[in-house]
Amino acid sequence: MKVVFSARSATVNLVLVLLLSLFAGDVVAHGERAQLASMRMRTVHWFDLNVAPLKVKVGDIVTVTGKFYTSELWPNQLPSPEDTVYLNIGVPGPTFIKLDASVNEVPMVRSTAFELGKVYEYRIIMRARIPGRYHVHSLLNVKDAGSLVGKGTWVEVEDHSGGPVPFVNEATTLTGETVNLETYGLGDVFVWHVVWIVLGIAYIVYWLARRELFIPRFIRVREMGQDKADEILTKRDFVVSSVFFTLTLAVILGGYLWGENKYPITIPLQTGKVDVVGLTPPTGELDIEVESARYELAGRSLMINAVLTNRSDQAYSIGEFLTANIRFLNSAISGPTTYPEEEMVAFDGLTVTGDSVIPPGASRPVKMVASDALWEQYRMTGLINDPDSRFAGLLFYFDEDGKRYYQEIGGPILPTFF
Amino acid sequence: MSEQSVSTELMSENEVRQRRLDVKSLDNPKAMKLYRRFDGIFILVLFSFLALGVQIQFTLTAGDWDYWIDWRDRRWWPVVAPMTLLMFIGPLAYGLWYRLRLPVVATAVTTLLCLTSWLSRYLNFYEFTYFPMSFVPASTYIGLGILLDCSLIMTRSLIISCIIGGGLFGALVWPLNWPIFAASKVPVEFNGMLLSMADLMGFQYIRTTTPEYLRIIEESTLRTFGGSVTPLTAVFAGLVGIVVYALFLLLGKWINGLDKYAKRIA
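Heads up: the sequence lines are chains A and B, in that order. The opening residue of the first sequence carries number 1 in the numbering used here; numbering runs sequentially from there. The opening residue of the second sequence carries number 1001 in the numbering used here; numbering runs sequentially from there.
By construction, these hints were calculated from the structure, which means they are not laboratory data. For glycine and all other residues, C-beta sits at the position ideal for the given N, C-alpha and C.
Dumping the calculated DSS-like pairs for lysine-lysine here, alpha-carbon to alpha-carbon at most 27 Å:
| # | chain 1 | residue 1 | chain 2 | residue 2 |
| --- | --- | --- | --- | --- |
| 1 | A | Lys-235 | B | Lys-1024 |
| 2 | A | Lys-228 | B | Lys-1253 |
| 3 | A | Lys-67 | A | Lys-143 |
| 4 | A | Lys-143 | A | Lys-273 |
| 5 | A | Lys-367 | A | Lys-403 |
| 6 | B | Lys-1024 | A | Lys-228 |
| 7 | B | Lys-1260 | A | Lys-228 |
Simulated DEER-style distance windows between Cβ atoms:
| # | chain 1 | residue 1 | chain 2 | residue 2 | range |
| --- | --- | --- | --- | --- | --- |
| 8 | B | Leu-1060 | A | Pro-365 | 56 to 64 Å |
| 9 | A | Glu-231 | B | Phe-1049 | 28 to 36 Å |
| 10 | B | Asp-1064 | A | Phe-190 | 17 to 25 Å |
Covered by chain B, per the in silico footprint, the following chain A stretches (three or more residues, Cβ under 8 Å):
| # | region |
| --- | --- |
| 11 | 106 to 118 |
| 12 | 168 to 181 |
| 13 | 213 to 222 |
| 14 | 260 to 269 |
Chain A with its partners taken away, still in its complex shape (with noise of 0.2 Å):
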């Protein structure tokens, strides 16, 4: 027979894994390209992200604001936001402490609920906590749905320049103490769990503690029958079960005494859930009909053919598409404005075949492109798999002034195979 395994091959595979767990990278996404692409087109829509500053100390402040439109083709297949909600910010643990959070202006201490096609303005202040490199998303806990995650900006947490500084998270109570909440009433739940630990530890001392334990034991119980095994019992073992038993309620009844002389007011948690208002995107006076859409699997791009209808007095500039996230910017208008570091940005990533300018009273057919190596770095060429074959995004446009409006397209998508 033939020997697979040898010292050698050992040596060799140890060294490879090694070499790979000394090499291997840090792992910086939080599954914005893992979930379904017609997922990820057709829920929420986040765009006008902001997280400032991008470098700070521990203990700084980092604001993140954008917003968010719920899409109206949202999946049948999955639960919507219209029942419950959580706004809420994807970073590795509690490296930052959220320290207020709003939508629409309305305090996100709890869930809520969002309307389909609504969009919703969010600010999250947080306070750096844990020195290190983070990519911080905005993301949306919706019910039986999961993690909606928008995109991530990466902000760097410094240590002081003294050295690490023990963080301090004040709170000050109802009751008028002021705490820091890292520590709160840490003392006093050591102290207790030592008592109930060496009141445990003492009982099985006790009865583990003795000339003849199991096998000794078996015998014996086994030799006189269910019937008298009882005997096997001392009296010594009935006065201290009953010590102990006495001194248990003494202790769960005093510790409960001294809980409520200490804390003489408390309240039960907290729950309920808060109502916010969603807001009317400005969609102007530009109607878009979607004829049809393609996705050219080889030339990583969708095209998308529409007829837009202008019934304003003034004339419309087609300049972004966004969708999953990835922004396609029209780089012949100067409408789209990006932030410091801002990620999934095609900047010549949308094309409009004719004229992209809708002139006001004019009803056009359209052919946008929106065409990138982002299709295939966000995993969105697994369009083809999705069990609904539709896509969604915001289209973006201005007018002659420079103000931007906006509304989402969508539709049934085909695949283009060659």
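Dock chain B against the given chain A, drawing on the hints supplied.
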């Protein structure tokens, strides 16, 4: 006719002889030395099994309700936590009582759970994911374990200890843990809203995939008697404790009876 005499009648002559030798070996110092060595190893194996077993079972069943200070509410957690522990304790308690008359399982399980929980909170929550210990302190159930074991030794009856011990195990979870997290229920104002300190910590210390709505807060039908939620929940948890403990003692009895198949194979 006792169970023992029936089983003795059914035993072969060889088996009876072997049992007599076993009893005789208890007077043999060499044999006792060997037994003590085995006991030492068995304690290590048993306690390792109990520590890992209860930690896995408790993580899978009570899970988040026992991790976060803002999840431990006065209705749901006092019912779930003892219920899931009694499911683990019941079969083992039956086995150790029936075979050895050793009433230590409940105390051992709750003590080991407490120690492994602290280890997990420190390594997984504090060191690895940066949560402050004040947000994820372990709960304690050791007092309940002692009461359950002691009620068995005092009554020497699994049925009566199930009623007294199982009932106390469910009913006293809240008062036992009150000194540990009463501080987290102190009120605080935040953005014009009334929160407990635990709610505030839950908002501030970011949990990306554990949103606020996953908690089960104040969801039950125990709303009568002028809003005396905590005592009502205690009574209900006590009843649940009795029923669950009884059911899992029966499971232990069934498992214990499986040795007849081992004898047949032998």
